[in-house]
Amino acid sequence: MQDEQSRKQDDELIARTQAGDASAFDGLIVKYSPRLYGLVYHMTSNHEDTNDLLQDIWAKAFRSITGFRGKSSFYTWMHSIGANMTINFLKKRGRRFTLSLDDIDANVQNDKEFIELTAGSTPVREADLGELQKRLNESMQKLSHDHRAVVTMFDIQGMPHAEIAKILGISEGTVRSRLFYAHRQLQNFLTEFH
Amino acid sequence: MTEEQLSALLRLKRYEHPPAEYFDRLLRDVHRRQRADLLSRPLWKIAVERVQTFFSEHSMGHASYAGAMAVALLVGVAGIGLMTPGGADRGTGSTVAVTIPIGAKKSFATDEPFSIQPPPPVKLDARDTFASGVPPVTGQPRYVMDARPVSYEPSASFDF
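If you read the protein sequences in the order shown, they are chains Z and W. Anchor point for the first sequence: position 177 equals 177 in this note's numbering, and the numbering is continuous, going up by one each time. Anchor point for the second sequence: position 147 equals 147 in this note's numbering, and the numbering is continuous, going up by one each time.
Reference excerpt, derived from the structure (chain Z facing chain W, CB under 8 Å, subset only):
(1) Ile29
(2) Pro34
(3) His47
(4) Ala59
(5) Phe62
(6) Val151
Examples of chain Z residues toward chain W, derived with CB under 7 Å:
(7) His42
(8) Gln55
(9) Ser64
(10) Leu136
(11) Ile156
(12) Leu186
(13) Gln187
(14) Leu190
Derived by calculation from the structure, the hints in this document are not laboratory data. Ideal Cβ positions, reconstructed from N, Cα and C, are used throughout, including at glycine.
Start from the sequences, fold in the hints, and give me the full structure.
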């Protein structure tokens with residue numbers, strides 16, 4: 001998932017943070033916040049909750065970084081903290097969620113898959129981007145927290161099964177079965193879309 | 001909807017981003033949060049969190065995690081018990097009061113071996129006791145738990 005140079009850069013920043021240089025930790029925040037935002041946001045579907053959670057996650061990581069021994073990559077470690085804290089938050093929060101459709105990146109219009117999906121005679125041809133996102137977010141929210149976490153990491157963030165297994169502390173087989181079940185569920189929820 | 005279409009739809013969600021300036025604000029918020037945390041968190045909470053992080057890094061299951069936490073807690077409690085002054089032998093020692101027989105005015109010589117002798121038998125007679133104003137003495141050794149004022153005991157003299 002990470003190239004060697006990126007990992008070396010992380011190791012240096014971590015070592016400096018552990019030695020007491022708090023500004024080095026800022027480098028890690030800047031580097032990993034966008035991906036962590038994606039993980040948390042797609043699990044909560046709420047920008048305000050995501051913002052609060054990201055602060056909690058980074059605060060916890062900062063407090064715990066002296067115990068980080070590099071047995072996994074910092075990326076995996078951070079995502080593990082992020083996924084677990086988000087799942088715990090969702091268990092407490094219940095089913096409330098709102099959508100932040102204004103935040104979507106305009107570059108999606110140029111995405112090859114988007115063009116393919118919205119062109120020709122595909123089922124989503126008539127749907128505009130807002131409706132597409134709304135339907136998908138609603139369907140995602142109907143999944144259990146554990147299934148949503150796996151879908152977010154695999155389908156949206158493009159992580160391999162092994163990485164997800166490490167982050168969630170489950171086997172690769174469990175990751176695959178959760179994905180299979182979640183995809184079936186989403187397909188059922190989205191049938192009205194046809 | 002096919003599996004491929006679903007996957008393609010999900011991948012499009014990568015384009016959902018917050019505004020560009022959001023991450024600058026997040027950094028400032030995290031700094032503020034860190035400062036507030038340092039001022040408000042008790043030390044034991046920080047310690048517990050570090051232990052949790054250590055175990056989560058080793059990908060332990062829930063059962064083994066709970067077991068490890070229990071062991072850590074027991075070791076901690078035992079450690080605190082041992083570090084407390086007198087904590088290890090508390091409750092095992094006993095306090096014995098050396099009683100001096102009534103009327104034993106004999107002075108101790110430094111070269112004499114010290115020994116504790118039982119008091120001589122005393123005839124229990126309530127009239128004598130109340131007449132002399134001296135409390136009754138039994139043949140059994142007495143302990144400090146006796147509810148008798150110390151002032152009733154004849155003072156022992158140590159003439160060296």
